[in-house]
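S.K.: Single-letter residue listing:
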Amino acid sequence: MEENKIIVNCKVVIIGGSAGSLNALMQILPSLNKLNNFAIVIVVHRKSTDDQTLEELITLKSSIPVKAIEDKTILKSGFVYVAPSNYHLLFEKDDTLALDTSEKINYSRPSIDVSFESAAEVYTDSLVGILFSGSNTDGTQGLKAIKAAGGTIVVQNPLSADMPFMPNNAILFSSPDYVLNNKEILDLLNSINT
Amino acid sequence: MIEDIELETLINEVYEYYGFDFGSYSRASLKRRVYRVYQLDGFTHFHDFLSKVRTDPEYYKRMVDEITVNVTEMFRDPSFYNILRKEILPLLGTKPFIRLWHAGCSTGEEVYSMAIMLKEAGLLHKSLIYATDINATVLETAKKGIFPLKMMKEYSQNYRDAGGQEDFSRYYTANYGIAKFNDELSQKMVYSQHNLVSDTSFNEFDMILCRNVLIYFDNELQKRVINLFDESLAVLGFLALGTKETIKYSISPGKYKQYEKEKIWRKIK
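Protein chains in written order, with UniProt numbering: chain S, 1 to 194; chain E, 1 to 269.
Derived from the structure by calculation, the hints contain no laboratory data.
Heads up, the beta-carbon is just placed ideally off N, CA and C, and yes, glycines get one too.
With a cut-off of at most 25 Å between alpha-carbon atoms, the simulated DSS-like pairs for lysine-lysine come out as follows:
#1 S:K47 / E:K153
#2 E:K261 / S:K47
#3 S:K104 / E:K61
#4 E:K248 / S:K93
#5 E:K150 / E:K180
#6 S:K104 / E:K150
#7 S:K47 / E:K263
#8 E:K223 / E:K248
#9 E:K223 / S:K93
#10 S:K61 / E:K261
#11 E:K119 / E:K143
Examples of chain S residues toward chain E, derived with CB under 10 Å:
#12 A68
#13 T73
#14 L97
#15 T101
#16 E117
#17 S118
#18 A145
Sample of chain S residues lacking proximity to chain E, with all beta carbon distances greater than 10 Å (derived):
#19 L54
#20 E55
#21 P65
#22 M163
Between the sequences and the hints, there should be enough to build the whole structure, so can you do that?
M.R.: As structure tokens, then:
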């Protein structure tokens, strides 16, 4: 395991995932300490009908307060935010969240690329992007945008992913700062801004 | 991506040359939409794009059509239509005549969904659905009631999830990849161009639907538009917004009563 994975000055950690990512999140989120002056935003592909279930599941399993996102929700540190299904999630310069129903990107709405790119523009080097399990290519372009804007990018080790295609694609086409298993991702999150 | 300063220049020039004000649109989404049409039309320098918009009114029109979001579907959020069917329509049905307004109706999928609901509730004959959009091109599509046939599987699933009991395919005729909805549904629709940013109230309605339009506006403009709806809504009328939108920052509490978790409010005074 690599040392010196200390990230400082982080405002937002944005997490993307698709098929199989829920398992990983449920291994990580319940053991998370309080968030040190940063917020977590989760953008995962899910069916448009099961809207609230992910929020409820995280609330049940984790002590970190969870907020469902509505139009112009203000992003505050210390909270976990979950992108609603059937909308793209965008970030405004005044720390509010914006929703958009435009065309699906990578067959997905929310698209991870769209949210990652938008967050990268606003939070530049104070952003950490993490990509989890999935079976399409969504997320790779977004990670590249985060990296280009000076942020840190992390990819779940494909060996520990239920669906390794998405992390593999990201490793192939972006240059992740870290490729980590779930336990290591947890340690990384707990070390942020300490 | 385009620079912030370029976007602001575009907004200013569009206002100066055409009088249309994008200044109150949410920037994150607007920027993506402008960049999308910029790329789609093969521009590589922003000043070329800007000069095209400025000098070519036809191109300006295309740009506006492309940056306004026109993605919609039939029976989007089936639970909304369920409440509509079970709780709202029976109340509207007590009126001798029902006026509805779909503000920002895009290509009309939600308008046809509403017509189907009204028909099944036995109310279509005494209803009139006004449907407006800023974009004249989408209104032409909406008037025809022609949608891609490949969407019908998803729409009929939405329809069933919304409590629909009929065979959904009875509402349209399928032909060469398109589904043409029955004229019976469109007979009670009136389409016209209307700009929520600058136009005023034009009638009094029993129900106003404006779903997933306000998300593109800033707080100030949202307030103005919700007040426009308030002026246009009869007492005991209903206002329906998108599942992630709210009126709570725009209008004094006590004037409207919300239907549980749904984004439907009834004007009570």
